[in-house]
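**Student:** In case you want the letters, here they are:
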Amino acid sequence: MAKCKSCVVLPFLIGLVASIVLGWWGFPKVLYSQKTQPIRFDHVVHVEDQAMACEDCHAFREDGSFTGLPTNANCVGCHEDVQGEDPEEARYVTEYVQQEKEVDWLAYQTQPDNVYFSHIAHKELECTSCHPDVAKMKTPPVYYENRLSGYSKDTMKMWQCEECHAKTGASNACFVCHK
Amino acid sequence: MGIDRRSFISLVAGGVAGSLFTPVIWKSLDDVSIWTQNWPWIPRLQYGEEAKVPALCKLGADAYGIKVKTVAGRPVAAEGDADHPLSLGGICPLGAASVHMLYSPSRVKNPKLKDGSSFKDISWEEAEDLLAGKLKEAGAGVAMISGDETGSVTDVLAGLVGKAGSDKTFLMPGESAPAAAALAMIGGDGQVGYDIENASYVLLLGADALGSWGNVARNGKAFGASREKGVKFVYAGPAQNGTSAVCDSWVPCVPGTEAVLALGLAAVISAGGRDRASWPGYADFAKFVQSAYAPEKVSEITGVSVDVIKGLAQELVRTGRPLVLTAAGAGQGLGAFEMAAGMSLNLLLERVNTVGGVRILPWSPKVVESAPEKKALLTADLVGYLTSIADGATEAPALLMVHAANPAYAMPNLAKAQAAIDKAGFVVSFSPFMDETAAMADLIMPDCYAFERLDDAYSPYGSGQPNYTVAGAVIKPVYDTKPAGDVILSVAAKAGLELGFETFEDVVKAKAEALGADFDAMVEGAPWLGEEFPAQDLALWATPLKEMPVAAKDGKSLALAPVAQLKVGSAKIAIPPFNTNAIRFDEMLGKDMYVLMNGATAKNLGVKKDDAVKLSAAAGECKARVRIFEGVMNDTVVAPLGFGHTAWDDFSRGKGDNVYKLLAAEAEGETGLSRFATARVTVSKA
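Residue numbers (this note's numbering), protein chains in the order written: chain L, 1 to 179; chain C, 1 to 686.
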């Protein structure tokens, strides 16, 4: 009878543990593909060495909309020609600026089209409340793309928006985000 | 310990239980729900800086400034340009749909050469070399057709034909040509315009001014402003339409007889009161109209009662600044004599070349030396030329080049126009779209779409003030297309027929300089406005006076009133995909279009609502369904232009029938121009 108990309990526990391990460790590896930015953009060089502010590239337009990721038009002011010795900068200049081709930057937090997100309404928050602190990174973080949904792993879910709105007293009415 | 059945089940049960404490199930369900919304055909928003870029809309007969809204440099919508004098913030249905035509499935995406019954793709170099070779071979046997009255590309193309030694340069039918000829009949010289904003009474004789005629957006704005100023708008035409619906009054008038009404009004006005004996040509004119166009006779022809004729005449005389606009209901096909009837009425009212009246604008400056003057270009009658080729009376051109025009669809005597194009030795189309003419062409060298190239427009017909607009490209070419102006200049050079310009931009700059306009400012959205109106030495009808031909009523046939509706396209453009939803249930039944007639007419014909009918005229036949509409005069059938395409795309092909097939042109002996505004048709059950 004791033998029978171990025949039941032990396999159950093994299955339970293996499933939990696979679910938390293996499943994300299967679910997300890993991508790197088309150009290894070095924020440290720009922020620390060139003393640039975040707003120099990620600014609000006059109409209050947010520029998001900069285009070549922002970059050519300095990078019309190669400035330094970083081979990635040289690649950017030759493959994008000189070819008049925009870089398909991977956006870590892009919301679906049915969500209206206004950066200027959230300007009192620190950028790093929602975004990774890339200003201290010489290499952009890996971009994890959900193979099923197609969105970034870091895309904020609705419950996260609602939680913050609830905590700060902001409205959670549908039309606040879904116009 | 071995794995038996019980152990295996326990292992699986443990695995399942464990999975409930992981994100596998919950996350997968969530992601799958998102995945189900990721259909490839769902459009994705493109985010970026929003801007409004000045552009030109030339999809209809008008040419006016609009603003194209862009996001991250990509056009997404169009709206009126409040700073443009021909828009004033308004936009026409074609302008509203213009951005979407960039991606129309009917776009020709690269040069194509006819290969049997289909086309094969060729490179631009091959296409240019081929055309240059054909130009050399054709010599003076070259001809051109343009549907762009206002742009300098027409000057360049006409210049090439002229340089080759040919005078076969033609514009598509419109109202500029009969208007210019009409002006010449009263001794004037210039481009005809209408100062509708400053008129205090506007009589629209057939002119669908608020729907499809002239500077539609500008007309609408002027009408809107008139409501506060107490300006009266009166529309005379065969059926209620968008214009008559909002005008102060509608005067039902048999189609094609609006000019007779004009002379009837002239007869009443000249018979009363004022001494005009000293006016040049007045005595003969007054005598003629009073004898040939007495109110009773005019009433019989037009269907307008004598009292209404006299009432309108009184209103015109008593109002301070009346303006009479004479036009065909469909915006084309009016004869010069008919146009001159309205012009003479304006002259009788002292409303020519004055504020709030008919304005005479200077002709567009000539910058391409070998091109004909605009005035001369308007005297060349395309309908007569193509008909003559089809009849074998004129030799077909060895090389025919077609720009911004679709003569294989939008011409009277349509079968003959198509036959003439078929007879041409080699046909080149510069159309950005696979229209009916491009489908017949031997070579297609697709022009860039309006927002992909530099373009210009000098004072489109109807402008009350000289104006010149230049618009740069809003976006780079979406497909492998090139601006026709540059292609023609390049081909001309290859053929040894240099026109004096290396690029089309040089041509536009030369025109701007000739006008004293600032090219750079215009590209930024500031159109040039002229202040000078050439002095005129006018007389009441300088050419021999004669009665206008009016189609006789025979008791069996109906008067055809073709109407243009910009929402379903124009002579240049088929139904824009964006506008298909604007076609109402009472305008199409399945793939059949409706024609309109009133209940009494339908009863006489023995047809009822939704009956399939055949409209037959001397020129051809059309199929349609019957819609009963009491806003149509007796013995009249209203038929929409813009349907019945055989090329283009699924949004327009095979929908309805082409009413141009019913229109037969007749030549005016004195001017050589063709008139085809209306026709007599018989209607029978199909």
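Since the hints were derived computationally from the structure, they do not count as laboratory data.
Please read these numbers as outputs of a predicted model, since none were measured by experiment.
Don't be surprised by glycine CBs; every beta carbon is placed ideally from N, CA and C.
Any given hint might turn out to be false.
As the list claims (entries may be wrong) - Once the Cα atoms are required to be at most 30 Å apart in a straight line, the calculated DSSO-like pairs of lysine-lysine come out as:
| # | chain 1 | residue 1 | chain 2 | residue 2 |
| --- | --- | --- | --- | --- |
| 1 | C | K609 | L | K123 |
| 2 | L | K153 | C | K423 |
| 3 | C | K685 | C | K623 |
| 4 | C | K609 | C | K591 |
| 5 | C | K297 | C | K287 |
| 6 | L | K179 | C | K52 |
| 7 | C | K297 | C | K623 |
| 8 | L | K101 | C | K603 |
| 9 | C | K109 | C | K120 |
| 10 | L | K167 | C | K27 |
| 11 | C | K614 | L | K101 |
| 12 | C | K416 | C | K134 |
| 13 | L | K157 | L | K138 |
| 14 | L | K157 | L | K29 |
| 15 | L | K179 | C | K120 |
| 16 | C | K685 | C | K614 |
| 17 | C | K609 | C | K623 |
| 18 | C | K553 | C | K608 |
| 19 | C | K608 | C | K114 |
| 20 | L | K29 | C | K623 |
| 21 | C | K685 | L | K35 |
| 22 | C | K661 | C | K614 |
| 23 | C | K423 | C | K114 |
| 24 | L | K179 | C | K69 |
| 25 | L | K123 | C | K623 |
| 26 | C | K375 | C | K136 |
| 27 | C | K623 | C | K416 |
| 28 | C | K661 | C | K623 |
| 29 | C | K423 | C | K623 |
| 30 | C | K114 | C | K416 |
| 31 | C | K416 | C | K120 |
| 32 | L | K101 | C | K27 |
| 33 | C | K685 | C | K603 |
| 34 | L | K101 | C | K287 |
| 35 | L | K29 | L | K5 |
| 36 | C | K27 | L | K157 |
What the hints assert, rightly or not - Here's a subset of chain L near chain C, in silico, CB distances under 7 Å, partners left out:
| # | residue |
| --- | --- |
| 37 | C7 |
| 38 | V8 |
| 39 | P11 |
| 40 | G15 |
**Student:** Each of the hints needs a verdict: does it hold here or not?
**Tutor:** Structure-based check of each hint:
Restraint check for K609 of chain C and K123 of chain L: not satisfied, since their Cα atoms lie roughly 63 Å apart, outside the 30 Å limit. Restraint check for K153 of chain L and K423 of chain C: the C-alpha separation of about 65 Å exceeds 30 Å, so the hint is violated. With a CA separation close to 9 Å, the supplied pair K685 of chain C and K623 of chain C stays within the 30 Å bound. Between the alpha carbons of K609 of chain C and K591 of chain C the distance comes to roughly 16 Å, so the proposed pair stays at or under 30 Å and holds.
With a C-alpha separation of about 15 Å, the suggested pair K297 of chain C and K287 of chain C falls inside the 30 Å cut-off, and the hint holds. Pair hint K179 of chain L plus K52 of chain C holds up; C-alpha atoms about 23 Å apart against a cutoff of 30 Å. In summary, the hint linking K297 of chain C to K623 of chain C is not supported, as the alpha carbons are separated by about 35 Å, beyond the 30 Å threshold. The straight-line distance between the Cα atoms of K101 of chain L and K603 of chain C is roughly 67 Å, outside the 30 Å bound, and the hint therefore fails.
For a cut-off of 30 Å, the pair hint linking K109 of chain C to K120 of chain C stands: about 12 Å separates their Cα positions. Restraint check for K167 of chain L and K27 of chain C: the C-alpha separation of about 25 Å stays at or below 30 Å, so the hint holds. Annotation: proposed proximity of K614 of chain C to K101 of chain L is violated, straight-line Cα distance about 56 Å (limit 30 Å). A distance of roughly 24 Å separates the Cα atoms of K416 of chain C and K134 of chain C; the hinted pair therefore holds under the 30 Å criterion.
Between K157 of chain L and K138 of chain L the alpha-carbon distance is near 28 Å, which keeps this suggested pair within the 30 Å criterion. For the suggested pair K157 of chain L and K29 of chain L, the alpha carbons sit about 20 Å apart, so the restraint of at most 30 Å is met. For the proposed pair K179 of chain L and K120 of chain C, the alpha carbon gap of about 47 Å is over 30 Å, so the pair is violated. In summary, the hint linking K685 of chain C to K614 of chain C is supported, as the alpha carbons are separated by about 6 Å, within the 30 Å threshold.
Distance hint between K609 of chain C and K623 of chain C is fulfilled; the C-alpha atoms sit about 15 Å from each other, no more than 30 Å. Simply put, K553 of chain C and K608 of chain C have alpha-carbon atoms about 23 Å apart, close enough for the 30 Å limit, and the pair holds. Restraint check: the Cα-Cα separation between K608 of chain C and K114 of chain C comes to about 46 Å, which exceeds 30 Å; the hinted pair is violated. Simply put, K29 of chain L and K623 of chain C have alpha-carbon atoms about 64 Å apart, too far for the 30 Å limit, and the pair is violated.
For the hint linking K685 of chain C to K35 of chain L, the alpha-carbon distance of about 67 Å lies beyond 30 Å, and the restraint is violated. Distance restraint check for K661 of chain C and K614 of chain C: the Cα-Cα separation of roughly 12 Å lies within the 30 Å cut-off, and the hinted pair is therefore satisfied. As the CA atoms of K423 of chain C and K114 of chain C are separated by approximately 15 Å, the hinted pair is consistent with the 30 Å bound. At roughly 20 Å between alpha-carbon atoms, K179 of chain L and K69 of chain C fall within 30 Å of each other, so this suggested pair holds.
Distance check on the hinted pair: K123 of chain L and K623 of chain C sit about 63 Å apart at the alpha-carbon level, beyond 30 Å; violated. Proposed proximity of K375 of chain C and K136 of chain C is supported: the alpha carbons are some 28 Å apart, at most 30 Å. At roughly 20 Å between alpha-carbon atoms, K623 of chain C and K416 of chain C fall within 30 Å of each other, so this suggested pair holds. Distance restraint check for K661 of chain C and K623 of chain C: the Cα-Cα separation of roughly 11 Å lies within the 30 Å cut-off, and the hinted pair is therefore satisfied.
Distance check on the hinted pair: K423 of chain C and K623 of chain C sit about 28 Å apart at the alpha-carbon level, within 30 Å; holds. Of the pairs offered as hints, the one joining K114 of chain C and K416 of chain C holds, with about 22 Å between alpha carbons and a cut-off of 30 Å not exceeded. For the hint pairing K416 of chain C with K120 of chain C, the CA-to-CA distance comes to about 28 Å; that is within 30 Å, so the pair holds. Between K101 of chain L and K27 of chain C the alpha-carbon distance is near 37 Å, which puts this suggested pair outside the 30 Å criterion.
With a C-alpha separation of about 13 Å, the suggested pairing of K685 of chain C with K603 of chain C holds against the 30 Å cut-off. For the proposed pair K101 of chain L and K287 of chain C, the alpha carbon gap of about 74 Å is over 30 Å, so the pair is violated. Only pairs whose Cα atoms come within 30 Å are accepted, and K29 of chain L paired with K5 of chain L is rejected, the gap being roughly 35 Å. Annotation: proposed proximity of K27 of chain C to K157 of chain L holds, straight-line Cα distance about 12 Å (limit 30 Å).
The criterion of a C-beta within 7 Å of any C-beta in chain C is met by C7 of chain L, whose closest approach is roughly 5 Å, and the hint holds. The closest approach between the C-beta of V8 of chain L and any C-beta of chain C is roughly 5 Å, which is under the 7 Å cut-off, so the hint is satisfied. Checking P11 of chain L against chain C by beta carbon gives a least distance of about 4 Å; that is within 7 Å, so the hint holds. Hint on G15 of chain L holds. Least Cβ distance to chain C is approximately 3 Å, under the 7 Å limit.
Consistency note: the structure conflicts with the earlier hints numbered 1, 2, 7, 8, 11, 15, 19, 20, 21, 25, 32, 34, 35.
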